[in-house]
Amino acid sequence: MSLLTAERIKLLSTRSPWWCGLLAIVLPVGFTVLLATQVNPTNAPGFEFTPAATQGTASLGRAVVMVLAALAVTSEYRFGTIRSTFQAAPQRVAALLAKSAVVVVLTAVIGAVVGFGSWAVFRALHSGPDLDLVTAADWRSVAGEVLVFALTGALALGVGILVRQTAGAVAILLVYALLVEGLIGVIPKVGRDIQHWMPFFAADRFLGIRDGGDDLQNLPLGPWAYLAYFAAITVVVLGAGIFAAVRRDA
Amino acid sequence: MIEATGLTKHYGRTVAVDNLSFTVAEGRVTGFLGPNGAGKSTTMRMVLGLDRPTSGDVRIDGQHYHDLHQPLRTVGALLDAKWVHPNRSARDHLRWLAAASKIPRARVDEVLDLVGLTGVAGKRAGGFSLGMSQRLGIAAALLGDPRVLLFDEPVNGLDPEGILWIRKFMHRLADEGRTVFVSSHLLSEMALTAQDLVVIGRGKLIYQGTVEDFVEHATESTVLVRSPQLDRLRDLLRAEGSEITEITEDGDALRIGGVASAAIGELAAANNIVLHELNPQVGSLEQAFIQLTGDTVEYRTEEHRSEEHGAGEHRAGEPAGNGEVTSG
Ligand SMILES: Nc1ncnc2c1ncn2[C@@H]1O[C@H](COP(=O)(O)OP(=O)(O)OP(=O)(O)O)[C@@H](O)[C@H]1O
Ligand SMILES: [Mg+2]
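Chain order of the listed sequences is A and B. First residue of the first sequence: 1, per our numbering; consecutive thereafter. First residue of the second sequence: 1, per our numbering; consecutive thereafter.
The hints are simulated quantities; they were obtained by calculation from the structure and are not laboratory data. One or more of the hints may lead you astray.
[To be verified] Ranges between beta-carbon positions, derived for each pair: (1) B/Leu114 to A/Val235: 19 to 29 Å; (2) B/Asp213 to A/Val235: 31 to 41 Å; (3) A/Asp132 to B/Asn87: 26 to 36 Å.
[Said to hold, decoys possible] If you want a taste of the chain B side facing chain A, the calculated C-beta under 10 Å gives, among others: (4) Gly49; (5) Asp67; (6) Lys82; (7) Asp92; (8) Ser101; (9) Leu186; (10) Glu189; (11) Leu192.
Note that beta-carbon positions come from the ideal geometry of N, C-alpha and C, so glycine has one too.
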């Protein structure tokens, strides 16, 4: 409990998490507004007006949340406060789990605001029964952002603990999430199959987001299995980070 | 009390700390002395469980750091005053540290007051001067009212006023019965601050004991004698002297070690030797320190290398410098 309080104070007493948090919300919700004002059934006949379609820009917020989470630990390495952290809590596993918990709660809250915020602004501009949250799949698309953002935060924190340097961690995370996963699909023959096992592809399939019109038939996993897969990757990366931090000299 | 036994740390092929054993007593200020790169900071990080020893062991009041319950209440440390998030206020920095060890909020304001930072507690720590950062670091170390305190070069870069403040502070902490372990690479500073010394060079123990013993034994006192009958005096001294450790020519004078000036004066008078000068000289602390750690200094200049005189191996607990004969 005391470690959770300490980590909460640490996270919220500098400005960068606030800026990142704000950006992580404003960016996707803002682009959703833009999207909503641009599309209508006549100019975009292929566009499905479903709750899942309102979440198309959430990945922007996810990218910013990764920066937030990575910074939460790399800034500690950068400024040497990680030593004070481990001095106060020599059981490093406990200290880092407390940090993970705080980051996960914050990113989950951001995920909730992004998910419901994007959906709400879209629906405000396109009133109609299609955008109501009716089925379980509808809820999964919108409320599911809470889980996806929370796991994304934990995953990025794990990378941050492993890499320890802000620039390195942020570069790896953003290049991977924004470029690598998309480009893998370009590899002839096997590309698509590999892509089906990429973590953020998995997260998007859980949310039920359409993938640029490409066929999403014959996917290896269903939505919840994809979430479990994404969660497993997160646990492995975060676990590896914590394991490394325990073994290494601070 | 801090007890290190056979403490060793390798970083790749660098041996930072080499089979180091020492104890730091409570109620006293113990200086941890060694030239740059001697392994002082590494040792302190191992005491705090931040770096894992390659071998050996260090305990605080009989316990490993890892086994301490809420360790900030037992051990406070200032390793580097700059280890603060620059955009966090001094108060918030102390607040999270306090929270981690269930230290009451009120204690934060108390230590801020103690180090005189109350007025700037809400300001971001990144804007602090070195002296202020140092005070914040000390406040953090004192937060849990610990029995054991470690300070790594706390006076580095401070102005005389700041140095004096820290020195007095250390004394006060020791007088309250705490264990105070403070590193420095300046013997002259430690001579004023510490009562006990642990001296290391290249990761190895050179001396452990009181400052007085170290200063007394490590600094050689010699007597400079000027006389028109130097040759006779030298012969007499040689014939006399079992205690004489050194006779060297110093221009037209003799430098004699191991004999008091009075004895030399009496010897001269008894043999009708005219003395023009009889001048007892105490070697400087820094000179002694350099000589002692002479062959253990990690980074040295060429100039130093050439004027180096074999200081030899020194056993722990035995101040080096005595028993050494350098006859010219
Ligand atoms: N993390 C590290 N990785 C590799 N080598 C290290 C590390 N920390 C220290 N060293 C090496 O270990 C040796 C001892 O360093 P240390 O910082 O402990 O010395 P010091 O006595 O504190 O010196 P100074 O007076 O300059 O602070 C040096 O050779 C240093 O280069
Ligand atoms: Mg050092």
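Okay, the hints, checked on the actual structure:
1. B/Leu114 to A/Val235: 19 to 29 Å: violated, 44 Å
2. B/Asp213 to A/Val235: 31 to 41 Å: Cβ of B/Asp213 to Cβ of A/Val235: about 58 Å, so the range 31 to 41 Å is violated.
3. A/Asp132 to B/Asn87: 26 to 36 Å: violated, 44 Å
4. Gly49: Holds: closest Cβ of chain A sits about 5 Å from B/Gly49, inside 10 Å.
5. Asp67: holds, 8 Å
6. Lys82: Given a least distance of 7 Å, the restraint on B/Lys82 holds.
7. Asp92: holds, 4 Å
8. Ser101: Since chain A brings a Cβ to about 6 Å from B/Ser101, closer than 10 Å, the hint holds.
9. Leu186: Status violated, d = 24 Å.
10. Glu189: Hint violated; B/Glu189 Cβ to chain A Cβ min 24 Å, cut 10 Å.
11. Leu192: It is violated, given that the least Cβ distance between B/Leu192 and chain A is near 28 Å, above 10 Å.
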